[in-house]
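Number of protein chains: 2
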Amino acid sequence: MVLIVQKYGGTSVGSAERIRAVAEHTAETFRKGNMVVLVVSAMGGETDRLISLAHELSSNPHEREMDMLLSSGERISAALTAMALNEQGIKAMSFTGRQVGIITDTSHTEAKIEKVTADRVKQAIDNGIVPVICGFQGITENSDVTTLGRGGSDLTAVAVAAALHADLCEIYTDVEGVFTTDPDIVSEARKLDMISYEEMLELASLGAKVLQARSVEFAKKYDVRVVVKSSFSSNPGTVVTREDKEMEKVAVSGIAYDKNQTKFTIMGVPDRPGIAAALFRNIAEAGIVVDMIVQNISSDEKLADISFTVPETDTAKTRDIVEKVARELNAAGISTDKNIAKISIVGVGMRTHSGVAAKTFQTLSDSGINIMMISTSEIKISCVIDSKYTELAVRVLHNAFELEKE
Amino acid sequence: MVLIVQKYGGTSVGSAERIRAVAEHTAETFRKGNMVVLVVSAMGGETDRLISLAHELSSNPHEREMDMLLSSGERISAALTAMALNEQGIKAMSFTGRQVGIITDTSHTEAKIEKVTADRVKQAIDNGIVPVICGFQGITENSDVTTLGRGGSDLTAVAVAAALHADLCEIYTDVEGVFTTDPDIVSEARKLDMISYEEMLELASLGAKVLQARSVEFAKKYDVRVVVKSSFSSNPGTVVTREDKEMEKVAVSGIAYDKNQTKFTIMGVPDRPGIAAALFRNIAEAGIVVDMIVQNISSDEKLADISFTVPETDTAKTRDIVEKVARELNAAGISTDKNIAKISIVGVGMRTHSGVAAKTFQTLSDSGINIMMISTSEIKISCVIDSKYTELAVRVLHNAFELEKE
Chain E
19 MVLIVQKYGG
29 TSVGSAERIR
39 AVAEHTAETF
49 RKGNMVVLVV
59 SAMGGETDRL
69 ISLAHELSSN
79 PHEREMDMLL
89 SSGERISAAL
99 TAMALNEQGI
109 KAMSFTGRQV
119 GIITDTSHTE
129 AKIEKVTADR
139 VKQAIDNGIV
149 PVICGFQGIT
159 ENSDVTTLGR
169 GGSDLTAVAV
179 AAALHADLCE
189 IYTDVEGVFT
199 TDPDIVSEAR
209 KLDMISYEEM
219 LELASLGAKV
229 LQARSVEFAK
239 KYDVRVVVKS
249 SFSSNPGTVV
259 TREDKEMEKV
269 AVSGIAYDKN
279 QTKFTIMGVP
289 DRPGIAAALF
299 RNIAEAGIVV
309 DMIVQNISSD
319 EKLADISFTV
329 PETDTAKTRD
339 IVEKVARELN
349 AAGISTDKNI
359 AKISIVGVGM
369 RTHSGVAAKT
379 FQTLSDSGIN
389 IMMISTSEIK
399 ISCVIDSKYT
409 ELAVRVLHNA
419 FELEKE
Chain Y
19 MVLIVQKYGG
29 TSVGSAERIR
39 AVAEHTAETF
49 RKGNMVVLVV
59 SAMGGETDRL
69 ISLAHELSSN
79 PHEREMDMLL
89 SSGERISAAL
99 TAMALNEQGI
109 KAMSFTGRQV
119 GIITDTSHTE
129 AKIEKVTADR
139 VKQAIDNGIV
149 PVICGFQGIT
159 ENSDVTTLGR
169 GGSDLTAVAV
179 AAALHADLCE
189 IYTDVEGVFT
199 TDPDIVSEAR
209 KLDMISYEEM
219 LELASLGAKV
229 LQARSVEFAK
239 KYDVRVVVKS
249 SFSSNPGTVV
259 TREDKEMEKV
269 AVSGIAYDKN
279 QTKFTIMGVP
289 DRPGIAAALF
299 RNIAEAGIVV
309 DMIVQNISSD
319 EKLADISFTV
329 PETDTAKTRD
339 IVEKVARELN
349 AAGISTDKNI
359 AKISIVGVGM
369 RTHSGVAAKT
379 FQTLSDSGIN
389 IMMISTSEIK
399 ISCVIDSKYT
409 ELAVRVLHNA
419 FELEKE
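For the protein sequence lines, the chains are E and Y, in the order given.
Each residue of the first sequence is one higher than the one before, counting from 19 in the numbering used here.
Each residue of the second sequence is one higher than the one before, counting from 19 in the numbering used here.
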């Protein structure tokens with residue numbers, strides 16, 4: 019018997035009709051002799067509806083209450099999906115994050131999974147019952163409800179697959195798989211049949227919304243074979259798995275972009291050890307994840323400019339900290355820029371192919387696009403540019419690296 | 019310090035604006051030096067929306083899944099209400115049925131409370147935090163979510179008030195209190211200032227929707243002083259409390275009606291001991307609550323007709339059982355009638371005033387209304403009539419007993 023964890027996103031369970039389709043598909047998989055475990059997100063639009071209700075009542079709702087509020091969405095979709103499966107003649111039972119035993123830390127709205135017991139899920143499987151698990155949620159040791167951050171249902175699926183030693187974790191979404199870049203921007207964008215955890219991780223954390231970054235880390239850590247595929251077709255999708263030799267033949271696998279970042283610059287900071295550390299410690303303590311960091315020597319040689327980017331949603335919180343630190347350091351000034359985009363070129367082949375960086379910079383330069391910040395890793399080059407050039411940059415780079423070709 | 023449990027129904031928390039009004043009212047009560055514990059229902063319309071989604075997917079959804087589905091509604095309103103209180107500068111925290119420690123039996127959709135620990139609620143109160151409790155829900159020993167049946171939030175409020183030894187349990191609703199009868203039918207209907215638990219119990223279980231019957235039983239058992247009042251005005255409402263001598267001066271306190279019952283008759287049943295017992299044991303085992311029961315000797319003297327009423331929602335389930343039993347008993351036939359209404363005259367004064375029954379029957383007869391079934395208790399007379407005469411019957415009885423007069 020093959021054990022498959024199937025995760026369905028909000029669009030896939032967005033209406034009674036869609037939920038029925040999911041149930042039919044699950045029933046089919048089950049009747050072929052597989053054991054299926056479902057993980058569902060809230061019905062499409064539900065989470066946004068709840069967030070907007072919260073913001074009608076409070077400009078800065080308490081995070082514990084946000085988790086209580088938002089975790090209700092998955093209970094609804096899980097219960098409805100279990101009902102739809104029952105209607106198909108399949109025994110099914112919904113389970114909350116608590117009932118699954120998804121124990122998290124206490125970082126409300128961005129909780130980290132510490133443990134997955136899955137006892138009741140295993141018991142259900144042993145009794146031939148299809149478990150339908152509420153994605154996105156867990157519970158603290160103190161029995162408070164937590165959520166796992168945006169896209170957290172992917173993480174639930176992978177974590178449950180790991181806990182159950184499932185053979186496969188299928189992530190059903192509204193696209194056909196992982197593409198070389200956003201097909202809305204580049205019509206020649208090609209679906210990848212296979213991608214390594216490392217590349218997926220870069221693409222995921224860089225704004226390719228197809229799979230949550232933390233779920234990919236988790237999959238890599240526990241070696242969970244993940245398939246990203248469409249819930250609207252029977253195409254095979256993209257397999258996310260361990261790197262193999264074939265993959266290294268290609269220098270660049272894909273191009274991602276992220277417009278939802280804000281760039282901060284603190285100008286004229288004393289250029290001495292410990293300054294950056296103090297700044298970023300303050301930011302980290304506020305639970306804000308800094309992405310790119312660049313430090314330049316200022317015109318005055320004893321002073322430095324520090325630039326960094328944070329998620330756009332953390333702009334206000336970050337500004338408070340930056341203003342405080344800038345005052346303490348007697349900095350020359352600060353600037354905030356929301357009109358930026360980060361373009362990233364990703365590929366495990368970069369390890370063996372040289373010249374990817376040079377080609378990237380040249381291509382952007384040829385199109386008159388100025389690069390504000392650069393950051394690189396073993397398998398990635400990211401450039402921050404003016405956001406109005408996002409689509410142009412993605413198109414010219416996709417073309418330059420000939421990603422439309424197999 | 020006075021400890022007040024305030025329960026707000028679906029209409030009272032039906033929108034962000036309404037929730038803000040509840041928070042303002044609570045904040046005011048809190049700032050006067052009282053400690054407040056809130057119990058909230060799902061936002062108006064939410065439960066119906068979820069039920070209709072369930073019925074789109076399944077004609078007979080599993081009850082465990084219904085509970086998982088419906089219990090989400092109160093999480094939403096409780097979290098939003100806590101946020102609104104925080105925004106008023108009041109420390110507040112939402113608690114689910116589980117977090118409150120409302121332990122129930124396993125009768126999904128109609129669970130009975132077995133225990134209320136309320137440890138976290140007490141802790142919150144000690145820390146000056148206003149607890150906002152999800153009404154309507156509990157949890158089994160096995161950690162499954164249950165709901166307490168229609169109007170279950172009233173029961174939550176009374177049970178929590180009992181567990182906390184609260185001074186008062188205020189039930190906020192969309193009417194001004196308990197009336198002598200439905201003001202939509204009789205414009206002269208008068209609001210009662212005070213009513214006994216016994217009378218309220220009869221009125222509640224007889225279809226006066228203002229307060230759930232089980233919550234009144236609970237209040238009586240634990241001597242919880244309940245006030246039913248409007249969340250849209252500052253009028254004093256109706257106090258539900260122990261019977262006192264004043265109350266006995268009046269023969270009749272109110273008139274209730276219930277159109278949501280179905281009458282079954284099994285005709286030509288052998289008139290020997292044990293027959294009725296067998297029938298009603300079968301019905302009880304299916305979890306159906308039978309209301310009125312009347313047995314007549316049939317025209318053939320060795321045969322009897324048994325009539326009884328059940329909630330209209332249980333009609334299909336009941337018919338299956340009745341058909342089976344009728345076959346086994348070789349009964350002459352069965353009949354089902356949904357077009358009935360039960361009219362009930364309630365008053366603790368009936369214990370000392372005679373002639374209420376006679377006056378009731380005479381009044382109905384004078385209006386040409388035929389009585390199909392009669393059942394009486396110490397403080398109540400109920401008559402089943404053709405449902406088309408409901409409003410007429412209520413009006414003529416209200417007039418006959420002069421209930422419009424103080």
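Warning: the hint list may mix true and false statements.
For chains that are exact copies, the list does not tell them apart, and a pair is met inside one copy or across any two.
Unchecked claim - DSBU-like cross-link-like pairs, simulated, lysine-lysine; straight-line CA separation at most 35 Å:
{"#": "1", "residue 1": "Lys109", "residue 2": "Lys342"}
{"#": "2", "residue 1": "Lys267", "residue 2": "Lys342"}
{"#": "3", "residue 1": "Lys109", "residue 2": "Lys133"}
{"#": "4", "residue 1": "Lys130", "residue 2": "Lys320"}
{"#": "5", "residue 1": "Lys320", "residue 2": "Lys133"}
{"#": "6", "residue 1": "Lys109", "residue 2": "Lys335"}
{"#": "7", "residue 1": "Lys238", "residue 2": "Lys342"}
{"#": "8", "residue 1": "Lys130", "residue 2": "Lys109"}
In case anyone wonders, no lab produced these hints; they're calculated from the structure.
Quantities reported herein were computed from a predicted structural model and do not represent experimental measurements.
Okay, the hints, checked on the actual structure:
Taking the shortest Cα distances, Lys109 and Lys342 sit within 35 Å of each other only across copies (28 Å), while inside one copy they are farther apart (58 Å). For a Cα distance limit of 35 Å, the shortest separation of Lys267 from Lys342 qualifies neither inside one copy, at 49 Å, nor across copies, at 74 Å. For a Cα distance limit of 35 Å, the shortest separation of Lys109 from Lys133 qualifies both inside one copy, at 27 Å, and across copies, at 31 Å. Neither within a single protomer nor between protomers do Lys130 and Lys320 lie at most 35 Å apart by alpha-carbon distance, with minima of 41 Å and 74 Å respectively.
For a Cα distance limit of 35 Å, the shortest separation of Lys320 from Lys133 qualifies neither inside one copy, at 49 Å, nor across copies, at 70 Å. For a Cα distance limit of 35 Å, the shortest separation of Lys109 from Lys335 across copies, 22 Å, qualifies, whereas the shortest one inside one copy, 47 Å, does not. In this homomeric assembly, Lys238 and Lys342 never come within 35 Å of each other (Cα to Cα): the closest approach is 39 Å inside a single copy and 59 Å across copies. Proximity of Lys130 and Lys109 under a CA criterion of 35 Å is satisfied in both settings, with 31 Å inside one chain copy and 26 Å between copies.
Hints 2, 4, 5 and 7, counting from the list given before, are not met by this structure.
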